[in-house]
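Peer 1: Protein chains in written order, with our numbering: chain B, 1 to 399; chain W, 1 to 399.
Simulated crosslink set (SDA-like; lysine to any residue; CA at most 25 Å straight-line):
(1) B:K45 / W:A43
(2) B:K70 / W:K45
(3) B:K301 / W:A279
(4) B:K70 / W:A43
(5) W:K70 / W:E152
(6) W:K187 / B:F90
(7) B:K301 / W:D335
(8) B:K187 / W:D62
(9) B:K187 / W:N101
Some chain W residues near chain B, calculated using beta-carbon distances under 10 Å:
(10) T27
(11) V29
(12) R35
(13) D183
(14) A184
(15) S267
(16) T269
(17) I277
(18) T278
(19) V280
(20) S284
(21) A334
(22) A344
(23) G345
(24) P346
Simulated from the structure, these hints should not be mistaken for lab results.
The beta carbon of each residue, even a glycine, is placed where N, CA and C say it ideally should be.
There are 2 protein chains.
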Amino acid sequence: MGQILNRHAMDVSLALTRHGFPIYHHTAVGDNEGRILDVLSIAVKRSNVVIVTGGLGPTDDDLTKECVAKFLDRRLIMDEVALQTLNEYFAHRGREMPEANRKQALCIEGGQLLPNPNGTAPGQYVYDDVRAVHFFLLPGPPLEMNPMLENEVLPKLGILFPHSGVLISRVIHLCGIGESDVDAKIKDVTTSSNPTVAPLAKEGEMLLRITASAPDAQAARVLLAPVEDRIRAEFASYVYGVDDESLVSVVGDILTGKNQSLSVAESCTGGLLSSMITAVPGSSTYYKGGVVAYHNDAKEKFLGVKRESLEEHGAVSQEVAIEMAEGAREAFAADYAISLTGVAGPTGGTELKPVGLVYGAIADGSTTECFRLQYHGSREQIRIRASKHMLWRLWSRIR
Amino acid sequence: MGQILNRHAMDVSLALTRHGFPIYHHTAVGDNEGRILDVLSIAVKRSNVVIVTGGLGPTDDDLTKECVAKFLDRRLIMDEVALQTLNEYFAHRGREMPEANRKQALCIEGGQLLPNPNGTAPGQYVYDDVRAVHFFLLPGPPLEMNPMLENEVLPKLGILFPHSGVLISRVIHLCGIGESDVDAKIKDVTTSSNPTVAPLAKEGEMLLRITASAPDAQAARVLLAPVEDRIRAEFASYVYGVDDESLVSVVGDILTGKNQSLSVAESCTGGLLSSMITAVPGSSTYYKGGVVAYHNDAKEKFLGVKRESLEEHGAVSQEVAIEMAEGAREAFAADYAISLTGVAGPTGGTELKPVGLVYGAIADGSTTECFRLQYHGSREQIRIRASKHMLWRLWSRIR
Numbered sequence: 001m002g003q004i005l006n007r008h009a010m011d012v013s014l015a016l017t018r019h020g021f022p023i024y025h026h027t028a029v030g031d032n033e034g035r036i037l038d039v040l041s042i043a044v045k046r047s048n049v050v051i052v053t054g055g056l057g058p059t060d061d062d063l064t065k066e067c068v069a070k071f072l073d074r075r076l077i078m079d080e081v082a083l084q085t086l087n088e089y090f091a092h093r094g095r096e097m098p099e100a101n102r103k104q105a106l107c108i109e110g111g112q113l114l115p116n117p118n119g120t121a122p123g124q125y126v127y128d129d130v131r132a133v134h135f136f137l138l139p140g141p142p143l144e145m146n147p148m149l150e151n152e153v154l155p156k157l158g159i160l161f162p163h164s165g166v167l168i169s170r171v172i173h174l175c176g177i178g179e180s181d182v183d184a185k186i187k188d189v190t191t192s193s194n195p196t197v198a199p200l201a202k203e204g205e206m207l208l209r210i211t212a213s214a215p216d217a218q219a220a221r222v223l224l225a226p227v228e229d230r231i232r233a234e235f236a237s238y239v240y241g242v243d244d245e246s247l248v249s250v251v252g253d254i255l256t257g258k259n260q261s262l263s264v265a266e267s268c269t270g271g272l273l274s275s276m277i278t279a280v281p282g283s284s285t286y287y288k289g290g291v292v293a294y295h296n297d298a299k300e301k302f303l304g305v306k307r308e309s310l311e312e313h314g315a316v317s318q319e320v321a322i323e324m325a326e327g328a329r330e331a332f333a334a335d336y337a338i339s340l341t342g343v344a345g346p347t348g349g350t351e352l353k354p355v356g357l358v359y360g361a362i363a364d365g366s367t368t369e370c371f372r373l374q375y376h377g378s379r380e381q382i383r384i385r386a387s388k389h390m391l392w393r394l395w396s397r398i399r
Numbered sequence: 001m002g003q004i005l006n007r008h009a010m011d012v013s014l015a016l017t018r019h020g021f022p023i024y025h026h027t028a029v030g031d032n033e034g035r036i037l038d039v040l041s042i043a044v045k046r047s048n049v050v051i052v053t054g055g056l057g058p059t060d061d062d063l064t065k066e067c068v069a070k071f072l073d074r075r076l077i078m079d080e081v082a083l084q085t086l087n088e089y090f091a092h093r094g095r096e097m098p099e100a101n102r103k104q105a106l107c108i109e110g111g112q113l114l115p116n117p118n119g120t121a122p123g124q125y126v127y128d129d130v131r132a133v134h135f136f137l138l139p140g141p142p143l144e145m146n147p148m149l150e151n152e153v154l155p156k157l158g159i160l161f162p163h164s165g166v167l168i169s170r171v172i173h174l175c176g177i178g179e180s181d182v183d184a185k186i187k188d189v190t191t192s193s194n195p196t197v198a199p200l201a202k203e204g205e206m207l208l209r210i211t212a213s214a215p216d217a218q219a220a221r222v223l224l225a226p227v228e229d230r231i232r233a234e235f236a237s238y239v240y241g242v243d244d245e246s247l248v249s250v251v252g253d254i255l256t257g258k259n260q261s262l263s264v265a266e267s268c269t270g271g272l273l274s275s276m277i278t279a280v281p282g283s284s285t286y287y288k289g290g291v292v293a294y295h296n297d298a299k300e301k302f303l304g305v306k307r308e309s310l311e312e313h314g315a316v317s318q319e320v321a322i323e324m325a326e327g328a329r330e331a332f333a334a335d336y337a338i339s340l341t342g343v344a345g346p347t348g349g350t351e352l353k354p355v356g357l358v359y360g361a362i363a364d365g366s367t368t369e370c371f372r373l374q375y376h377g378s379r380e381q382i383r384i385r386a387s388k389h390m391l392w393r394l395w396s397r398i399r
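With the hints as constraints, model all of the structure from the sequences given.
Peer 2: Given below as structure tokens:
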């Protein structure tokens, strides 16, 4: 019905492609036995691995396991260990297991359940020896599906198809520079075919994925290295990390290594920057905390912003951004502080201070730098871009 | 390769469903002639309308029109009017039309081009009289595809299938109750076929989608109403909103209506709750701000949490949650305050205070309620669930 964006297709494709398994078909179908059986029979004719997501829940419209069993003409057998795990899952929460959840412990004859540490629905692996097709059934919630894909499916595929060659990627993360500026300067590598260099869109930053195809990992890395060097040489001040690194992780690693600390003062970003920082485990070693000073009173009270600065220059101004950063640094007794104040929109803009205008400052006790940023886009885009930009500015300062 | 989210499937499905045309299959395939022909031959066997998006551009990897023509065994004929329009499009921009764009004016024999006021690629309609299937080919850019869907495809479908009626949905939002508990109590409505009731998963809350099929919108609403009433009666304390409403929007609407204000004090959620609140435009009318008191010093300094409470009970305790809420309420001079302190993990848990243990409190100046929550899951899940749970608790209090 179009109410949910098919994020599964993206996540599964990204993960498998990264490991060298090409995906040729995405198919989405509703909770209807006849149509599910139809798409299964189409899938097995054209693919030797079929990954099915969703429909492993406890309710009657969760049909995936039942349909695959029927398609393979196999029974569903109660897995006593999985049932025990489910019982413990509920007991652990001080509840009795609802009768409906029992069916989540059913396993297709000849298959095996895949553990789900993040929910009640185990996944399933089953091999159809008649058609030589491997089935993986994964739960629908992304926070359950993605870990299972990573921890169960990919290792298993690596064993099942050991000689598929490898596609190895290296993702270079840049911030503070736009896609067209990047693209114009590295045409020599973006037009090559092995390795390929593809820009990936990510809000507030830019990723360049270099992908090399080779018989083995080492040969692929030999192909990757000179292209990475080329990009790093061209964009030295913008390349802040690679692969799984994030602005928060690189900033956190540097601060932790130097035994230094950070605090933040947010207005327009409303806690987003703080939430990004604390989303990474271990952030408490360097992050002291933050103030979301949404109301002007809070800017004065918690951050020592002067009333005259607010009255004279307004909350969205260089003066207030600087006072917020200095105030947050002092109040939290931190080595560094970042502040953000701006007009996130969609309303509230004026001719002098349009939607998307953001002032960000970084204080370190001796100097305070302030940046005037102007973004175009939605409230969410403005908040994300401004938060990431200031993390990048801090990284530039402390790297 | 998973680099682009399939927003087309969503947009087309939403538009067609709203007009009473059920969509049974989504298929995505790359720019490969063989695979495109294969999916076309599957599609015509199961559907009487096939909508294809993308692949109408000027470059060599744009294959849609060519493949459909080949599939139907028809020629591509230059449409002189469309060619003229294309020439004018470029002339208007002071440019000469590149040779490559000529092919965008080709029309499948017996078909008709659909005008594209927003780009260079006209759409196509063609009827396959052998298989009795209607094809619509639409350009890929959403800002070209969606207007063409609305202005060309839907009116044409209305003429081709005049009596198809409407499908109308209503989404009921619940929080504080799990999927299996909900399902067990409303089997009478979840097993009915019109309206249908389907649970939708969403982190930290639960959605029930009621969908009625009827000849017109009013008749559909008459079918929906009793089912919605039944669900509301059964889960009165959990149903906080419908359709586009969110926990933040309903809490915000009530507080704004009463001219009351809110502040928050966060430890384990690290700014996430504040960021959720401020993500909604207009939150500044009731939201005063928050403190992310990650370090214990910040809990004392900004929120007046007693050192003895921290030493005696630890930061993750009922006592500290209560003092945080009361402190945040007072410091921001707000009518209500929410606090959250817990162990978000993945490390840092102990036997007495395991990962996922969260204390949340709500202070209103006269009483302070504290809730002991225990979650299982990733750091992200724990943070989202705890934040939403406390919004739901506040809603329960002020509704």
